[in-house]
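Let the sequences and hints guide you as you build the complete structure.
The sequence shown begins at 70 in this note's numbering and counts up by one.
Any given hint could be a false lead.
[To be verified] Here are the computed lysine-lysine pairs in the DSS-like style, where the Cα-Cα straight-line distance is at most 30 Å: (1) Lys351 to Lys206; (2) Lys295 to Lys254; (3) Lys111 to Lys433; (4) Lys304 to Lys111; (5) Lys254 to Lys304; (6) Lys76 to Lys351; (7) Lys433 to Lys295; (8) Lys304 to Lys351.
[To be verified] Per label pair, the in silico range of CB-to-CB distance: (9) Asp79 to Arg357: 49 to 55 Å; (10) Thr232 to Leu513: 20 to 26 Å; (11) Asp461 to Asp382: 32 to 38 Å; (12) Arg427 to Gly90: 20 to 26 Å.
Derived from the structure by calculation, the hints contain no laboratory data.
The beta-carbon is built from N, C-alpha and C at its ideal position, and this holds for glycine as well.
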Amino acid sequence: MPGLDEKLRDIHDEVLRRNPGETEFHQAVHEVLSSLGPVVAKHPEYADAAVIRRLCEPERQVIFRVPWVDDNGQVQINRGFRVEFNSALGPYKGGLRFHPTVYLGIVKFLGFEQIFKNALTGMPIGGGKGGSDFDPKGRSDGEVMRFCQSFMTELYRHIGEHTDVPAGDTGVGAREIGYLFGQYKRITNRYESGVLTGKGLTWGGSQVRPEATGYGTVFFTDEILKARGDSFEGKRVVVSGSGNVALYAIEKVHEFGGTVVACSDSGGHIVDERGVDLAVLKELKQVRRGRIAEYPELRGGAARYIAGGSVWDVPCDIALPCATQNELNGHDAATLVGNGCAIVAEGANMPCTPDAIRVLAEAKTVFAPGKAANAGGVATSALEMQQNASRDSWSFEHTEQRLAEIMRGIHDRCLETAEAYGSPGDYVAGANIAGFIQVADAMLALGVI
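Following this line, the structure appears as structure tokens:
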């Protein structure tokens, strides 16, 4: 297998054989294993104790039926998932994704990534992920509530503040978390607020949690710029997506002096040379729940909309893919490089394909992988868990400061680890190796379990 150390090829082949058809999971495993050659050469005990093999096999995989009744009285059936991947560092932690594309391979890829992302934060949390092929888009509040209640009626027996702590992800926002927590509280007869994160501020939620992933990606990118004696000031930035992550990445880029000139949704993208008007975009996406095609009219004709196409065709200095997995391919990466893009930082989970990462590496474009650059979301979820455990509530300013400190720590740790293992400046190697070593050492300490 190209790019893999000889000692790791058997593990990779075993993952493919044992998990057929799960292409996203295969991709995530290969991306981590391709960084670990220098680690097993220096620390053969990781291979001898089968730590890497154990890391690639979830501790528990739960798949269940979710029956619910729609507004027309028809019974609908969806499939629910929870993959509890690794708990060596703490309770499983990772979001729930509600989207028609969700299947076991997607959940396993996300859960595998979550192991290393969570380790990089330095917080005591393991890795897991879950979700359903239910699509909340276009559903009434009543339908979403009935689905969430049915989903939690099964999930509740597998989670707990010291066991597994889900959060939101694509398709799971404050509304869904509220319905899920309400059903958990009803079934268990406990106000166990630490069992879910992403809660509303009035009932146990944390300040900065909605903003955390987008803010964290920009904090990380700012650290990359600082390490090169540069800043966001005057930079052209392109952000894919227009959901939570993208909106708050745009907000923080503008605070830091950059200009976001383009963003997108599944229908197309907009170009606004004066800088995306965040108030207009938030009104459109968070209040009206509309399509980005409506943005130019709301902006008074000051922007243009391109149906289809690629947002990565827009020239920029910095690209922040914040939409979904494998959205930026090799052709897109070549276009970015050709237009002079200097930094690509992943705000979504694995939005760059292997071909895209190869093109960026060959061009010496700085690339920050999602397990490092978008760790701000789960880091702030862990801060929410801290507040729940102490029955406390922190200010926005204090929480944002903690988030910035965590992202700075992740950045520095990636650079230092990459340097120590012979790949100076390589954020992919640094993130994979640093996250792996922290988890692997804990697994060795706990024995073969």
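Hints, verified against the model:
The hinted pair formed by Lys351 and Lys206 meets the criterion: a straight-line CA distance of about 17 Å does not exceed 30 Å. Between the alpha carbons of Lys295 and Lys254 the distance comes to roughly 46 Å, so the proposed pair goes past 30 Å and is violated. The suggested pairing of Lys111 with Lys433 holds, with an alpha-carbon distance near 27 Å, which does not exceed 30 Å. For the hint linking Lys304 to Lys111, the alpha-carbon distance of about 41 Å lies beyond 30 Å, and the restraint is violated.
Restraint check for Lys254 and Lys304: not satisfied, since their Cα atoms lie roughly 47 Å apart, outside the 30 Å limit. Pair hint Lys76 plus Lys351 does not hold up; C-alpha atoms about 49 Å apart against a cutoff of 30 Å. Distance hint between Lys433 and Lys295 is fulfilled; the C-alpha atoms sit about 18 Å from each other, no more than 30 Å. Straight-line distance between C-alpha atoms of Lys304 and Lys351 comes to about 22 Å, which keeps the hinted pair within the 30 Å bound.
Checked against the hint of 49 to 55 Å, the pair Asp79 and Arg357 passes, with Cβ atoms roughly 53 Å apart. In this structure the hint that Thr232 and Leu513 lie 20 to 26 Å apart at CB holds, the actual value being about 23 Å. At roughly 47 Å, the beta-carbon separation of Asp461 and Asp382 lies outside the given 32 to 38 Å, and the hint is violated. Arg427 and Gly90 have their C-beta atoms about 24 Å apart, which keeps the hinted 20 to 26 Å range intact.
Checked against the numbered hints given earlier, the structure breaks hints 2, 4, 5, 6, 11 and satisfies all the rest.
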